[in-house]
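Engineer: As they're listed, the protein sequences go chains A and B. Position one of the first sequence corresponds to residue 1 (the working numbering), numbered consecutively onward. Position one of the second sequence corresponds to residue 1 (the working numbering), numbered consecutively onward.
FYI, nobody ran anything at the bench for these hints, they're computed from the structure. This structure is a prediction, so every number in the text was calculated from the model and none was measured. We put the CB at the ideal spot given by N, CA and C, even for glycine. Please note: incorrect hints may appear among the correct ones.
Facing chain B, from chain A, some residues (calculated, C-beta under 7 Å) [said to hold, decoys possible]:
| # | residue |
| --- | --- |
| 1 | Lys208 |
| 2 | Ser239 |
| 3 | Gly254 |
| 4 | Glu262 |
| 5 | Gly576 |
| 6 | Thr640 |
| 7 | Pro645 |
| 8 | Arg647 |
| 9 | Glu657 |
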Amino acid sequence: MQNAHAMNPPGDAPASRLKDGPGPGSREAAALDATWSDPPGLLGWLAAVNHKSIARRFIATTFFFFLAGGLLALVMRLQLARPGSKLVGPDLYNQLFTMHGSTMMFLFAVPVMQAVAVYLVPLMLGTRSIAFPRLNAFAYWIFLFGGVMLYVVFVLGAGPDVGWFSYVPLAGPDYSPGKRADFWAQMITFTELSALLEAIVVITTVFKLRAPGMTLNRIPLFVWAMLVTAFMVLFAMPSVMLASTMLIMDRLVGSHFFNPAEGGDVVLWQHLFWFFGHPEVYLIFLPGLGFLSAIIPTFARRPIFGYTAMVLSLIATAFLAFGLWVHHMFAVNLPELGKSFFTAASMLIAIPSAVQIFCWLATLWSGKLDFKTPLLFVLGFFFILVLGGMTGIMLASVPLDLQVHDSYFVVAHLHYVLIGGAVFPLFGAFYYWYPKITGRLMSERLGRWNFWLFFTGFNVAFFPMHLLGLKGMPRRVYTYQAGLGWDTMNMVATIGALTIAAAVLLFIVNAVRSLRHGAPAGANPWGAGTLEWATESPPPPCNFHAIPVVHGREPLWEPPRTEADGARPAFTHVGGLAADTRELLATTVLDARPDLRVNFPDPTIWPFVSAVAVTALFIGSIFTPWAVVWGSIPIAIALTAWFWPQRAETSVHLSLERKPWQ
Amino acid sequence: MAMTRRELDVSGLPSYAFGHRSLMWWGTFGLIAIEGTLFALAIGSYLYLRSQSDAWPIGAPPPQLLWGTVNTLILLASTWPNHKAKRAAEACDLLRTRRWLMTGLAFSVAFLVVRGFEFGALHTRWDSNAYGSIVWMLLGLHTVHLLTDTYDTAVLGVLLFTGPMEGQRFADVSENALYWYFVVFSWLPIYAVVYGVPRLQ
Numbered sequence: 001m002q003n004a005h006a007m008n009p010p011g012d013a014p015a016s017r018l019k020d021g022p023g024p025g026s027r028e029a030a031a032l033d034a035t036w037s038d039p040p041g042l043l044g045w046l047a048a049v050n051h052k053s054i055a056r057r058f059i060a061t062t063f064f065f066f067l068a069g070g071l072l073a074l075v076m077r078l079q080l081a082r083p084g085s086k087l088v089g090p091d092l093y094n095q096l097f098t099m100h101g102s103t104m105m106f107l108f109a110v111p112v113m114q115a116v117a118v119y120l121v122p123l124m125l126g127t128r129s130i131a132f133p134r135l136n137a138f139a140y141w142i143f144l145f146g147g148v149m150l151y152v153v154f155v156l157g158a159g160p161d162v163g164w165f166s167y168v169p170l171a172g173p174d175y176s177p178g179k180r181a182d183f184w185a186q187m188i189t190f191t192e193l194s195a196l197l198e199a200i201v202v203i204t205t206v207f208k209l210r211a212p213g214m215t216l217n218r219i220p221l222f223v224w225a226m227l228v229t230a231f232m233v234l235f236a237m238p239s240v241m242l243a244s245t246m247l248i249m250d251r252l253v254g255s256h257f258f259n260p261a262e263g264g265d266v267v268l269w270q271h272l273f274w275f276f277g278h279p280e281v282y283l284i285f286l287p288g289l290g291f292l293s294a295i296i297p298t299f300a301r302r303p304i305f306g307y308t309a310m311v312l313s314l315i316a317t318a319f320l321a322f323g324l325w326v327h328h329m330f331a332v333n334l335p336e337l338g339k340s341f342f343t344a345a346s347m348l349i350a351i352p353s354a355v356q357i358f359c360w361l362a363t364l365w366s367g368k369l370d371f372k373t374p375l376l377f378v379l380g381f382f383f384i385l386v387l388g389g390m391t392g393i394m395l396a397s398v399p400l401d402l403q404v405h406d407s408y409f410v411v412a413h414l415h416y417v418l419i420g421g422a423v424f425p426l427f428g429a430f431y432y433w434y435p436k437i438t439g440r441l442m443s444e445r446l447g448r449w450n451f452w453l454f455f456t457g458f459n460v461a462f463f464p465m466h467l468l469g470l471k472g473m474p475r476r477v478y479t480y481q482a483g484l485g486w487d488t489m490n491m492v493a494t495i496g497a498l499t500i501a502a503a504v505l506l507f508i509v510n511a512v513r514s515l516r517h518g519a520p521a522g523a524n525p526w527g528a529g530t531l532e533w534a535t536e537s538p539p540p541p542c543n544f545h546a547i548p549v550v551h552g553r554e555p556l557w558e559p560p561r562t563e564a565d566g567a568r569p570a571f572t573h574v575g576g577l578a579a580d581t582r583e584l585l586a587t588t589v590l591d592a593r594p595d596l597r598v599n600f601p602d603p604t605i606w607p608f609v610s611a612v613a614v615t616a617l618f619i620g621s622i623f624t625p626w627a628v629v630w631g632s633i634p635i636a637i638a639l640t641a642w643f644w645p646q647r648a649e650t651s652v653h654l655s656l657e658r659k660p661w662q
Numbered sequence: 001m002a003m004t005r006r007e008l009d010v011s012g013l014p015s016y017a018f019g020h021r022s023l024m025w026w027g028t029f030g031l032i033a034i035e036g037t038l039f040a041l042a043i044g045s046y047l048y049l050r051s052q053s054d055a056w057p058i059g060a061p062p063p064q065l066l067w068g069t070v071n072t073l074i075l076l077a078s079t080w081p082n083h084k085a086k087r088a089a090e091a092c093d094l095l096r097t098r099r100w101l102m103t104g105l106a107f108s109v110a111f112l113v114v115r116g117f118e119f120g121a122l123h124t125r126w127d128s129n130a131y132g133s134i135v136w137m138l139l140g141l142h143t144v145h146l147l148t149d150t151y152d153t154a155v156l157g158v159l160l161f162t163g164p165m166e167g168q169r170f171a172d173v174s175e176n177a178l179y180w181y182f183v184v185f186s187w188l189p190i191y192a193v194v195y196g197v198p199r200l201q
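Just chain A, with the same shape it has in the complex (with noise of 0.2 Å):
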């Protein structure tokens, strides 16, 4: 029998190699950060793979989609304004309305937790990188190729106008010839492609590289936000992969999946769409929901209450949404049981949330309140989203659905859902995090204008249009006539949207002037319980100096624990693992004991190479399908060079390596 050190260099046995420490200043410590830094230069940028370099650009990137998206609202309700308005066609209105949902939902709402938790998660596990890391970076590359593609198409006069949800057979080759809906079919594969690829590695991080002690009962309840998150994404979104792929097929290659003619069906894709898109929501929902229990208890001055609850009713909430996708197909000739079964799943899945928001409650009622920005948030939050959340109830109920379908209402009730259930937690948290990704407070005064501006804006933009729609307005018309009874409330709409703008820009000054003038953060300027706060404003390149152990959910809050009180003497932080080069500590699954010690791999050009590859070959097939098999070459060499091994980083990886049964 040959073993595997048949073929390693002469004199392998494992070297003594510097090991990390117990703190910053030291030479181990020095040596960590150079090790986990990203290389200098733009070639170095090209190849970084730190995980808190990526998430600033994950950030920054979707923050730049939600402005886009943003703009492209504002434009609708400029229009909307007035009866009769000719600022923009009925053309342009298409392609406005379909750009803004697509960029909301596919390049902003879901990308933007993903993001958030690619820079947050391996902190609050105690861990020194996210797992594959390498891919990780990939995902961000595709991501950015799909989104700039679908804006540089917007921007050359052949953005899609089909709608964000692309129903045939509008979408399809006979009533939407040209290029515009192959285009939003293929973003669509990018995204997903990206989303999936998240999912992979931040389920991988929860499970494997939590710190020592970090038990399943005691990880944050954002991560599992993040981590049951990531679960439906691998489950809802090939679902319109699948059908994205179906829908291009039918433009490109003459298949008939949708196509009534030749044994097609257009409900199909409703199906499919739906199957993805009602969990989309949750999708947008749950990390919602998980920063909104990192924030309270750090504002409450108290652990959360009813942790276990929390987490089953995160699970449940995952499970239900996907046995809701039918209630958005109502207005669809389909079986009445069925519609009843659907209406029944979309009113049991206010089970869990109402659990939820008890939970948040009782931790607000029974802690000391700390009024700062980020609760502010929280609370705005509570009132938005039980508003919206009550007309879901309403929506879920047929004979209501089939009266508003496709009016107003509906657009008020998602954007309360939504903004209420996504957005105002995300800004809350951008407050509550910006120290720790910058090493600066954002600015309190201007917070608190920023969240009431955005507060009365956004009441101000969407409650009209609940009347409205009850008024009989439809969606997505480009202009209505005057003496509707529409007139007063699109103008008081869109001034309502104006003061969202004037609140976003607010939130730009102050996070720009901050970024110089904040106040300094420190590690932990609010006090709270969870990992991320135990390293510095902004973190080392390796995280943590030395991996914490941990004894808590909330590790910052334990009393310390002494062999003088009579506790038995703790570990406080895992020492042994490699300083100088990329070693990573992974722990067993349920209960987080040291199991293995993890060579990482090195930064590299080639997911960058490989994500430019994919991006030409998924364009090239928008015009011809050979691009499928010629594009998949350089993709092939590319990820075959990512692949494979350095002779000096093995030799590296050689020295330390010992085997499972040593």
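For chain A, the structure is supplied; the task is to place chain B on it using the hints.
Structural biologist: Same frame as chain A, now just chain B:
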């Protein structure tokens, strides 16, 4: 009194492992979950289209059984060399790992060749009608998985022969075998649908 500081020394831990202890296992698990969902939804779409159609298959006889059945047997047989490769990798036995990985690769190449005949025996084209489209999609999706896994296995094989070699490569072989099991067992429901459903009255 000052707090007692203790350090949890992890320097003696192994540097790679197999199964759910390995990070690669979780990555593979994620891929399997995604692609399993994709297959399930594609099969669901097939059954949905069939439920909406008066005649099935549409305008064609059922696909010829021969090549699909031959391929099913090849795939089932290929689990044996893959299992042996997995066992050899987990014993860190380089010679046996090379031998069985290459045997498994030969099986997958044989399968891909027969898959070519299989497409020719479907009696329908992707652009004939919805039946042709969904059958080609099911077979196409599975073939893409085979192609990528065959290429992946080949690259891994070259690495095993040329080096540089480290223990983690054995874990890669083990996960490669796990993914191959998925490719094999996901084929069985697709085979049942593509070849069985058109023959149901």
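Engineer: Would the hint on Glu657 of chain A be counted as holding, given a Cβ-Cβ threshold of 7 Å to chain B?
Structural biologist: Check passed: Cβ of Glu657 of chain A comes within 5 Å of chain B, closer than 7 Å.
Engineer: Mind checking the CB of Glu262 of chain A against every CB in chain B and telling me if the closest is under 7 Å?
Structural biologist: holds (4 Å)
Engineer: Are Pro645 of chain A and chain B close enough, Cβ to Cβ, to be under 7 Å, as the hint says?
Structural biologist: Where the cut-off is 7 Å and the nearest Cβ of chain B is about 6 Å from Pro645 of chain A, the hint holds.
Engineer: For the hint on Arg647 of chain A, just tell me whether its beta-carbon gets within less than 7 Å of chain B.
Structural biologist: holds (5 Å)
Engineer: Have a go at the Gly254 of chain A hint: is there a Cβ in chain B nearer than 7 Å to its own Cβ?
Structural biologist: holds (4 Å)
Engineer: Please verify that hint: Thr640 of chain A, Cβ, nearest Cβ of chain B, below 7 Å or not.
Structural biologist: holds (6 Å)
Engineer: The hint names Gly576 of chain A as touching chain B; please verify it with the least Cβ-Cβ distance against 7 Å.
Structural biologist: holds (3 Å)
Engineer: Tell me if Lys208 of chain A is really an interface residue toward chain B, meaning its C-beta lies closer than 7 Å to one of theirs.
Structural biologist: Nearest chain B Cβ about 5 Å off; hint holds.
Engineer: Can you verify the interface hint for Ser239 of chain A: is its Cβ closer than 7 Å to any Cβ in chain B?
Structural biologist: holds (5 Å)
Violation of the numbered hints given earlier is absent; every hint is satisfied by the structure.
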